[in-house]
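There are 2 protein chains.
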Amino acid sequence: MDALSKNKIKWIRSLRLKKNRDSEGLFVVEGAKMVQEILKDESATVECLVTTDESLDFAGTQFHTDTATMKAISGLSTPSSLLAVVKKPQISTKKSPWTLVLDGVQDPGNMGTIIRTADWFGITDIVCSQQTVDCFNPKVVQSTMGSIFRVCVRYERLEDYFENVDRPVFGALLEGENMHCVTVPKEGILLMGNEGNGISEELIDFISHPIHIPGKGGAESLNVAVATGILLGRFSH
Amino acid sequence: MDALSKNKIKWIRSLRLKKNRDSEGLFVVEGAKMVQEILKDESATVECLVTTDESLDFAGTQFHTDTATMKAISGLSTPSSLLAVVKKPQISTKKSPWTLVLDGVQDPGNMGTIIRTADWFGITDIVCSQQTVDCFNPKVVQSTMGSIFRVCVRYERLEDYFENVDRPVFGALLEGENMHCVTVPKEGILLMGNEGNGISEELIDFISHPIHIPGKGGAESLNVAVATGILLGRFSH
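These protein sequence lines are chains F and D, in that order.
Just so we're aligned, residue 1 is where the first sequence starts under our numbering, counting upward by one.
Just so we're aligned, residue 1001 is where the second sequence starts under our numbering, counting upward by one.
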């Protein structure tokens, strides 16, 4: 097992930026559990591993380093003992009956949790506005708990996307219909908005079914990942 | 408006620790939006304010400081321009028909989001095991988005708590009944477990209604705040 050179450290750190992840077609996965899952996953291509512990049963390139260097290359506040540089999965054309559309979700933890929740409910298709946080951001990857390899996330201009859809579009709006009262079709689109501002003005007209989670307490709103989960839970009936 | 003395800086920083929050009966709230909401809330008692901007319309003690000092006293990675030291709310005896019980939730973000979600659904009563993260931890307070002042969170030995309950106990378990098939009573208890380990072995026998969120995708589990939201959404029907 080789030691990690200064150039390699620089290269891994460079993948914290979206433009470098895009140009290299690579991203970083951290944490022993997630990396070990990826090594078992035939659809994932691991470029190299970095570890502070002993070597792993891995045929490719492995680097050994110390905890201080791991801290320097990690994109997380609590670095783990194992990190992998992984090829971005191919955009699949496999569509699920339901598509989740995200309009400007900003928080990496929310984004990762939404991807994990979609995966739980069998939704493999997420379409995001270009203002939505990159799904290969280290904190997003971490929060997906491995679902990033099973869900296809793509970014496009949502006005263009909605021009071409023929399925019903459910949009989470405070003034929508009570979610318990709607008839849920077999196929559809769920549109969720930004944490602070909700769904953009320009997209409201594309919503065929405004939908609302009934609440009777004092909170002004729900966390967007929780709201997504509640609505997907309702649709899973 | 006074400048912030070294002693005051030390005092505010000391409130990052639970033992100091407990002995002083105080905790810290950060962020302009949340602090401004508290100032309007008659049930909240603000001990003092710290700001990097101009003074606010507040009759009590106010300190002015610079951004670097704010960073030093803040319990968050991105400090805001406004911070308040606030008296812990009194434990209310007002009970909601549903009680949420948390068995060892560890992540502050999850905890805060759960409190916010409970508030949305009108649940004012949360009972936590002693292993659950403190609800006055700065990151928890931040994630509640103000719901910490409307929901009563208490900590006790859950075995003792469950010995004395007479409402049905729904527990989130992977082998539980499909949530869409259960009959939801008017009153009850929802028990949620720890992020990694779920509900403790010792508490399983207290569950009268094991309940499960049906999923058909690849994710092994759901985030605990999302799962809590989905189940409370189901119960809100």
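Hints should not be assumed to be uniformly reliable.
Simulated crosslink set (DMTMM-like; lysine to aspartate or glutamate; CA at most 25 angstroms straight-line) [unchecked claim]:
| no. | chain 1 | residue 1 | chain 2 | residue 2 |
| --- | --- | --- | --- | --- |
| 1 | D | 1087 | D | 1047 |
| 2 | F | 33 | F | 54 |
| 3 | D | 1186 | D | 1125 |
| 4 | F | 33 | D | 1201 |
| 5 | F | 216 | D | 1187 |
| 6 | F | 10 | F | 22 |
| 7 | F | 71 | F | 22 |
| 8 | D | 1040 | F | 22 |
| 9 | F | 71 | D | 1220 |
| 10 | D | 1216 | F | 125 |
| 11 | F | 139 | D | 1047 |
| 12 | D | 1139 | F | 134 |
| 13 | D | 1019 | D | 1134 |
| 14 | F | 88 | D | 1041 |
| 15 | D | 1040 | D | 1054 |
| 16 | F | 40 | D | 1201 |
| 17 | D | 1095 | D | 1156 |
| 18 | D | 1071 | D | 1042 |
| 19 | F | 216 | D | 1054 |
| 20 | D | 1216 | D | 1187 |
| 21 | D | 1094 | F | 220 |
| 22 | F | 33 | D | 1107 |
| 23 | F | 139 | D | 1125 |
| 24 | D | 1216 | F | 220 |
| 25 | D | 1033 | F | 22 |
| 26 | D | 1088 | F | 220 |
These are computed hints drawn from the structure, not numbers from a lab.
Quantities reported herein were computed from a predicted structural model and do not represent experimental measurements.
- Index of numbered hints that the structure contradicts, given in increasing order: Of the numbered hints given earlier, those the structure breaks are 8, 9, 11, 14, 16, 18, 19, 20, 23, 24, 25, listed in rising order.
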